[in-house]
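Colleague: Here are the chains, one letter per residue:
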Amino acid sequence: MPSSTVENYLKAIYSGTSGAETPQPLLPMGQLASALGVAPGTATTMVKALSESGLVDYQPYAGVALTAAGRKLAALVLRRHRLIEQFLVQVMGYAWDEVHEEAEQLEHAVSDRLVDRIDHMLGRPQTDPHGDPIPDAHGLVKPQKAQTLLTCPLETTVTVARVVDQDPEFLRFVEQHRLKPGESIAVEERDPAADSVRVRRSRSRRLTIGTRAASKLLVRVSALLLVLLAAAPAWAQEEPRTALSGYMDFHFNKPELADGRLDFHRFVLLVTHRFSDRIRFVGELELEHAVVEGLEEAGELELEQAYVDFLLSRAFNVRAGMMLMPIGIINERHEPPVFYGVERPFVDTVIVPSTWFEVGAGVHGEIGRGWRYRAFVVSPLDAAEFDAEEGVRGGRQKGSDTNIGRPGVTGRVEYVGVRGLTVGASGWSGHSGFEFRPLFDVPVSLAEADVRYARGPLELRGQMAQVWIDNADRLNDLRALATGVSPNVASTIRGFYLEGGYRVLTHPRAGEVGAFLRYENFDTQHGMPDGYTPLPEFDRTAWVVGATYWPEPDIAVKVDYSIVRNRSAVVVAPDSFNIGLGWWF
Amino acid sequence: MRHAWISLGLVAAVFVLAVAAVQRPEPAPPAEEPQVIEISAERFSFYPSRIQVKAGTLVEFRLTSEDTAHGFHIVDTDVDVEIPKRARGSIAVRFRPEAGRYTFECSRVCGAGHAFMRGEIVVAE
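So the protein sequences, as listed, match chains D and B. Using this note's numbering, the letters of the first sequence map in sequence onto residues 1 to 585. Using this note's numbering, the letters of the second sequence map in sequence onto residues 1001 to 1125.
No wet-lab data here; the hints were simulated from the structure. Treat the hints with care, as some may be off.
Not everything, but these chain D residues come out facing chain B in the computed CB check (under 10 Å) [said to hold, decoys possible]:
id: 1; residue: R280
id: 2; residue: R369
id: 3; residue: V416
Ideal Cβ placement from N, Cα and C applies to all residues, glycine included.
Sequences are here, hints too, so could you generate the full structure?
Modeller: In structure tokens form, the structure reads like this:
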């Protein structure tokens, strides 16, 4: 058994290199000597001896680290120390500020057998009275995900997990102010000028402590973690592997000359699972319009995402399953609090048919300073479902027993290397005439470009997209023969929009208010095949003006007025007044 | 005789001072100033997403969000913190990397493009 001096050195190096406060690969000799209360020369002599024994790795002028053998010995000393502390408090009735010195003596005297019996008797505790993790009999410690009161989120309930200073006076201070491990508190404010942190213990009890004291109190965020602690102690201190989140969208729409409609438009749940750091699953299930009765107008239950990501490196990753097409701003970025307006832009509905999702596989990654790419092979659109008003939107196969005789390809390149700026270009190409082959095919291409700049209160967006549909004349002819009515599908459709938004009011407690204005120009019959005439009601413009109130960043209360105009002298496009409530969790 | 006593006293004083100087503990090393790197998180990217530092440098990441709460996890390390939501302040985390490449990522699901929120720390010798 190593001497108590050796054990104290190993313990000090262990704490210095992997302690709770500032882990570092090498402990400088000055810090080691200071921690042990010895002269630097004395520490150096001892460390050289430990190095010869293979317990530490000593690098002159740099510092010292433990070898695997030294690390295990140190962890076992800590195991004895912490179990003795827990025993003294739990069984012997010691106060938590009395046990450290006792344990300092006893840790060198008790046998491993006695320590194991104590461990068994106490019910194999995970932590000592101060919240320090107790290594197991092999010297392994479960990682703790904890933050200090200086780093945890403000105004968030946290649980004190650990007190890293064993000084009796400090421990009495912690006990007196009910900041012991297990207590729930919230940090209200940090004042760098006064070096202080204001902590709330309950609705009416507040306490201001210095930053030094705050740095010694480790806390855990998340009520979910506490629930897991009770249910699954074996992995409770790790990041949850399966997580649930989602967003919802609740709308009131009042078209001109018609009654208002109240609609629970979207109820979306995201389930993610982490098989490992490298392999993840993401699933997104969306219920539209609250009820599913079989037809789209009555509601839809859609599996919009269900893919596995193999995260190989920053530059190259592989994805397979049901996934979002990487086209435009909204299709991949449509949580209600992140865009202005109750409804999504028209261009992102009838030109880019968001939400556009398909089954397939491909690669994605980021290169250099902010150049991102994605490239996927996916099921193509179905030209048999294209129409005059919404272009290719009806052609989405949505991953349901899809025809993939000739798969589509899609990709996006975007630059995010300037703070707040995203510039992107994307495309899609595929053969969509599988219902009409071998008579003819319907090659379809889509090109899109977008820019978004968001910095502080300002947000600017612009996007344009165009779709080319080859053999639209033959498509119209054949469908007219089959049904008696020509769908009047265009050979090109296109649209663009520009939007400016500004957060006019920002208050730390009341939230934020932003106003926006958007202009859209979109035409689903921009170019017609020979022999077909464009219908002027589908050449449209829209002005949408409105405001969003964020009582907190994940909730958006929206109001807007939409003025839509078309070129038809007969068909009138109604204006509409809209109110929306959307949230993300 | 008086001169001899004074000389002896001086010698003794010098000896005591010399011993004290030798025995005096080395002054505590000055607190190390970390290299501060500010990172902004937003659905679905970090800015900057590529960071270069020298091995052994104590790095302090100061993290803020432009929208919802995000996570900041350096893969294969214990660094994993939650970045507070927009306007709720920032969070700081310190890290002393060895040479190599580290991937960092958002560890709190933040939306449909959550999986794209990744970055890289390049640590040179």
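Colleague: Indicate, hint by hint, whether the structure satisfies it.
Modeller: Hints versus structure:
The closest approach between the C-beta of R280(D) and any C-beta of chain B is roughly 6 Å, which is under the 10 Å cut-off, so the hint is satisfied. The beta carbon of R369(D) comes within 5 Å of a beta carbon in chain B, closer than 10 Å, and the hint placing it at the interface holds. Against a cut-off of 10 Å between C-beta atoms, the interface hint on V416(D) holds, since the closest Cβ of chain B lies about 5 Å away.
This entry satisfies every hint, going by the numbered hints stated previously.
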